[in-house]
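K.L.:
The primary structure of each chain is shown beneath.
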Amino acid sequence: KAGVTQTPRYLIKTRGQQVTLSCSPISGHRSVSWYQQTPGQGLQFLFEYFSETQRNKGNFPGRFSGRQFSNSRSEMNVSTLELGDSALYLCASSPGVGSGAFFGQGTRLTVV
Amino acid sequence: EDQVTQSPEALRLQEGESSSLNCSYTVSGLRGLFWYRQDPGKGPEFLFTLYSAGEEKEKERLKATLTKKESFLHITAPKPEDSATYLCAALSGGGSEKLVFGKGTKLTVNP
Chain A
1 KAGVTQTPRY LIKTRGQQVT LSCSPISGHR SVSWYQQTPG QGLQFLFEYF SETQRNKGNF
61 PGRFSGRQFS NSRSEMNVST LELGDSALYL CASSPGVGSG AFFGQGTRLT VV
Chain B
113 EDQVTQSPEA LRLQEGESSS LNCSYTVSGL RGLFWYRQDP GKGPEFLFTL YSAGEEKEKE
173 RLKATLTKKE SFLHITAPKP EDSATYLCAA LSGGGSEKLV FGKGTKLTVN P
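Which chain is which? The protein sequence lines are A and B, in order.
Going by the working numbering, the first sequence runs without a break in its numbering and finishes at 112.
Going by the working numbering, the second sequence runs without a break in its numbering and finishes at 223.
None of these hints come from the bench; they were simulated from the model.
Bear in mind that the values here come from a model prediction, so they are computed numbers and not experimental data.
Some clues are possibly wrong.
[Said to hold, decoys possible] List time: in silico SDA-like cross-link candidates among lysine to any residue, alpha-carbon distance up to 20 Å:
1) B:Lys180 x B:Ser164
2) B:Lys154 x A:Gly42
3) B:Lys181 x B:Ser132
4) A:Lys57 x B:Asp114
5) B:Lys218 x A:Lys57
6) B:Lys154 x A:Ala2
7) B:Lys215 x B:Ser119
8) B:Lys175 x A:Gly42
[What the hints assert, rightly or not] In silico contact screen, one side only, chain B against chain A (beta carbon under 8 Å); selected entries:
9) Gly141
10) Arg143
11) Gly155
12) Gly207
13) Ser208
14) Phe213
15) Lys215
16) Lys218
17) Thr220
[To be verified] Short, incomplete list of chain A residues facing chain B, as computed with Cβ under 8 Å:
18) Glu48
19) Phe69
20) Gly96
21) Gly98
In this text, a Cβ means the ideal position worked out from N, Cα and C, and glycines have one as well.
Construct the complete structure from the given sequences, taking the supplied hints into account.
P.N.:
Here is the structure:
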């Protein structure tokens, strides 16, 4: 069974630009969550989608948004990038029954 | 507010020297406690799920236990390849799959 796939693996963007990250969950998993990981803050929850609906949202500004498609694939978008948005962005998928989440390899975003 | 705290932040062991990592949690309606291993530049790798106090899970040199307030990850006779950051996460009550993570314990096992 294929794991969670995130693309691209690495990105370099300029401050003020926008970026879109993609995540393909494990087949059959309907819940997709996004996390931001930085050395200082650790892993912080961004949002979760289930059956194309946002089910929960973390404490991040509105510049961070996401969506989920009917095939459970998900994208997250960050607009007006700031230097502080540099981080590893992780996507996780879950069968949706409290059995835990399985993570992709992440997208390393660097904002210059 | 749900909170997960891990200690120590970093741990250095000699090969074969057993030890334990701690994860204390304050979560309303705990639905599960999860342990992950993360290698540099990679996503967290799922290790264990614990659902109720008294539960234990084992995998090779690792054993996870759960009480009503904390979880322990016991590492028996570690090897250098066990070096990684170990993350603990709690799933609280409600319908979401949102995980609350601790900041991790960075384990280094010297040969």
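K.L.:
Please verify that hint: B:Lys218, Cβ, nearest Cβ of chain A, below 8 Å or not.
P.N.:
The hint is violated - B:Lys218 has no Cβ within 8 Å of chain A, the shortest such distance being about 11 Å.
K.L.:
Taking only the CA atoms, is the gap from B:Lys154 to A:Ala2 under or equal to 20 Å?
P.N.:
holds (16 Å)
K.L.:
Double-check B:Gly207 for me: the hint is only fine if its C-beta lies closer than 8 Å to a C-beta in chain A.
P.N.:
Hint holds; B:Gly207 Cβ to chain A Cβ min 7 Å, cut 8 Å.
K.L.:
Would the hint on B:Gly141 stand, with a C-beta cut-off of 8 Å toward chain A?
P.N.:
With Cβ-Cβ at 11 Å, over 8 Å, it is violated.
K.L.:
Would you check whether B:Thr220 satisfies its interface hint, that is, whether its CB is within less than 8 Å of any CB in chain A?
P.N.:
violated (17 Å)
K.L.:
Holds or violated: A:Lys57 and B:Asp114, Cα atoms, limit 20 Å.
P.N.:
Holds, because 14 Å separates the two Cα atoms, which is no more than 20 Å.
K.L.:
For the pair we were handed, B:Lys218 and A:Lys57, check the Cα-Cα distance against 20 Å.
P.N.:
violated (28 Å)
K.L.:
Given the hint that B:Lys215 pairs with B:Ser119, test it: the Cα-Cα distance must not exceed 20 Å.
P.N.:
Roughly 9 Å separates the two Cα atoms, so the pair holds.
K.L.:
Is the hint on A:Glu48 kept, meaning its closest Cβ partner in chain B is under 8 Å away?
P.N.:
Constraint on A:Glu48 satisfied, holds at 6 Å.
K.L.:
Keeping to a limit of 20 Å between CA atoms, is the pair of B:Lys180 and B:Ser164 held or broken?
P.N.:
Judged against 20 Å, a Cα distance of about 8 Å means the pair holds.
K.L.:
Starting from B:Lys175, check that the Cα of A:Gly42 is at most 20 Å away, please.
P.N.:
violated (24 Å)
K.L.:
Please check whether A:Gly98 passes as an interface residue: C-beta within 8 Å of a C-beta belonging to chain B.
P.N.:
holds (5 Å)
Hint check: violations occur at hints 5, 8, 9, 16, 17, 19; the rest are consistent with the structure.
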